Amino acid sequence: GNSVTQMEGPVTLSEEAFLTINCTYTATGYPSLFWYVQYPGEGLQLLLKATKADDKGSNKGFEATYRKETTSFHLEKGSVQVSDSAVYFCALSSGQNFVFGPGTRLSVLP
Amino acid sequence: GAGVSQSPSNKVTEKGKDVELRCDPISGHTALYWYRQRLGQGLEFLIYFQGNSAPDKSGLPSDRFSAERTGESVSTLTIQRTQQEDSAVYLCASSFGAGVRSYEQYFGPGTRLTVT
Chain A
-19 GNSVTQMEGP
-9 VTLSEEAFLT
1 INCTYTATGY
11 PSLFWYVQYP
21 GEGLQLLLKA
31 TKADDKGSNK
41 GFEATYRKET
51 TSFHLEKGSV
61 QVSDSAVYFC
71 ALSSGQNFVF
81 GPGTRLSVLP
Chain S
71 GAGVSQSPSN
81 KVTEKGKDVE
91 LRCDPISGHT
101 ALYWYRQRLG
111 QGLEFLIYFQ
121 GNSAPDKSGL
131 PSDRFSAERT
141 GESVSTLTIQ
151 RTQQEDSAVY
161 LCASSFGAGV
171 RSYEQYFGPG
181 TRLTVT
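Chains as they are written, first to last, in the working numbering: chain A, -19 to 90; chain S, 71 to 186.
Keep in mind that a hint or two might mislead.
With the Cβ distance kept under 10 Å, some of the chain A side facing chain S (calculated, not the full set) [as the list claims (entries may be wrong)]:
hint	residue
1	Gln(-14)
2	Leu24
3	Ser73
4	Arg85
5	Val88
6	Pro90
No lab work stands behind these hints, which were simulated from the structure alone. On a predicted model such as this, the values are computed, not experimentally measured, just so you know. Cβ atoms here follow ideal geometry from the backbone N, Cα and C, with glycine treated the same way.
Given the sequences, and given the hints that come with them, work out the whole structure.
Written out as structure tokens, the structure is:
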């Protein structure tokens, strides 16, 4: 079946550090890939998405590229801020099947 | 426009009681999902509705859990004879649909259920 694997958290960084959160997937066919973010005390929000191989999703300084050859969708940001502290979920959608990763908690210290 | 809404936002109940959670999806969204999120953990899929098709109930953890949806509108998740392990945030999400094209999900704020 379809599955999503994310790097274990928590991840703690200093402000302005470079961020990478790894995400790999297993799926049949050609899934769409997503990153969702959950800020403290809030619901999940879509951060970015990519619907086909080599697409790059971007939003709020975050980027992720759909790599079919490595079945990966790693999330990156060049310079994190304290306000980026949240839990980040990688997810895939293949037809009606929607699978989330376990989430990675990011804490950014001033 | 209005997003996904859920009610109540918080529910405290005694062990053994039944609870009913409500979700109002975004108008026009044919697909609706329920998830459970235990403290500090990821999302656990519970059930999925798509239009008038039979729901995908494969994620429901026991027969104490059930859900209904009227057409493409409101959905209710019912938990009978609640147990302490049912304590979690219950999230509802809706999307334009599913199938060949994969649509992103829009989440409600969740209902925090505490079973004492």
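Results for each hint:
1. Gln(-14): holds, 9 Å
2. Leu24: holds, 4 Å
3. Ser73: Since chain S brings a Cβ to about 4 Å from Ser73 (chain A), closer than 10 Å, the hint holds.
4. Arg85: holds, 8 Å
5. Val88: Hint on Val88 (chain A): violated, closest Cβ of chain S at ~19 Å, above 10 Å.
6. Pro90: violated, 24 Å
Of the numbered hints listed earlier, those contradicted by the structure are 5 and 6.
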